[in-house]
Amino acid sequence: MPQPPLIGLTTYLADAQWGEWDLPAAVLPAAYVGCLRAAGGRAVLLPPDAPEAAADVVERLDAVVLTGGEDLDPALYGALPHPRTGPPVRERDRWEHAVLVACLARDIPVLGVCRGMQLMNVHAGGTLIQHLPDSVGHDGHNPYRGHFCAHAVTTVPGTRIGALLPGTREVATHHQAVERLGAGFLVAARAADGTVEAIESSRHRFAVGVQWHPEMGVDAPVVHALVAAASSAASAEPARVAGRKVRPVRSPPGPTFPTQVS
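Position 106 of the sequence shown, counting from 1, maps to 105 under numbering that gives the first Met the number 0, and the rest follow consecutively.
Worth flagging that the hints you see were computed from the coordinates, not collected in a lab. Ideal placement from N, C-alpha and C gives every residue a C-beta, glycine not left out. Heads up, a few of these hints could be off.
Here are the in silico distance ranges between beta carbons for each label pair [claimed, not checked]:
| hint | residue 1 | residue 2 | range |
| --- | --- | --- | --- |
| 1 | His81 | Ser231 | 18 to 28 Å |
| 2 | Asp21 | Pro87 | 16 to 26 Å |
| 3 | Gly77 | Ala13 | 36 to 46 Å |
| 4 | Pro46 | Gly157 | 35 to 45 Å |
| 5 | Gln2 | Leu44 | 14 to 24 Å |
| 6 | Leu185 | Trp17 | 37 to 47 Å |
| 7 | Trp17 | Leu79 | 17 to 27 Å |
| 8 | Glu58 | Pro87 | 22 to 32 Å |
| 9 | Ala149 | Arg83 | 16 to 26 Å |
| 10 | Gly216 | Leu79 | 31 to 41 Å |
| 11 | Ala24 | Pro80 | 41 to 51 Å |
| 12 | Ala30 | Glu58 | 21 to 31 Å |
Please put together the full structure from these sequences, using the hints given.
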């Protein structure tokens, strides 16, 4: 019987309280784990680590979710911080960037959620709107920080997200968004005010970002599609031995990665 695909979830690194304890902790809302389990995946948490460890960690996985969270450091896309931009969390930025690079190098499925989508866009040379009300003239995207407040997005026909979630639906997003689109990405959903709400790569098998939070149950098809892509990637590779995927030696060397499709 095939094993469920092993999917990494990046985490916060924050002070946390539980029971008698008040300590620095690697934390993540349990909804992320629950939605992956419900879709048939097996979750493993990826707390911030040294960037040079990312390739070794990603080698053991079938897919990765770059989760939501704090604002990216604007220095990553050559900008000064807006007054409403949160303080930088550089350890997490460096780690998740290295994880993303390793995922794209292996061409394994990666889903960026909110902050994760923004990181994907910035890695590809794109920029961000640091505070949407300044750009769109209203606060409908995230009127209450720390709360999920719904607004409508419409997906783009002919895209992967458009096929999974045709038409218009209510989602909950962030106070930041894509400004200049990164190279190799296309827009897969927009809000009524034109804000980019989803992107996907034209260069990789499954590299998708959504500005909203699918783990909150609003669009299970996106998570199911990630798990299906991870299962397909896992079945195309040799079995793991002692936690690693063992690949046969090629002679002469052949292509390392699967064919890329849009």
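For each hint, the structure was consulted:
For His81 paired with Ser231, a C-beta distance near 40 Å fails the hint of 18 to 28 Å. Distance hint for Asp21 and Pro87: a CB-CB separation of about 24 Å, consistent with the stated range 16 to 26 Å. For Gly77 paired with Ala13, a C-beta distance near 27 Å fails the hint of 36 to 46 Å. Look at Pro46 against Gly157: about 38 Å separates their beta carbons, and that is inside 35 to 45 Å.
About 18 Å separates the C-beta atoms of Gln2 and Leu44, a value consistent with the hinted range of 14 to 24 Å. Taken as a hint, the range 37 to 47 Å holds for the pair Leu185 and Trp17, whose Cβ atoms sit roughly 42 Å apart. Checked against the hint of 17 to 27 Å, the C-beta distance between Trp17 and Leu79 comes to roughly 37 Å, which is inconsistent with it. For the pair Glu58 and Pro87, the beta carbons lie near 29 Å from each other, so the given range of 22 to 32 Å is met.
A C-beta distance of roughly 21 Å is found between Ala149 and Arg83, which places it inside the suggested range of 16 to 26 Å. Checked against the hint of 31 to 41 Å, the C-beta distance between Gly216 and Leu79 comes to roughly 37 Å, which is consistent with it. Between Ala24 and Pro80, the C-beta spacing of about 26 Å breaks the proposed range 41 to 51 Å. At about 27 Å, the CB distance of Ala30 to Glu58 agrees with the hint of 21 to 31 Å.
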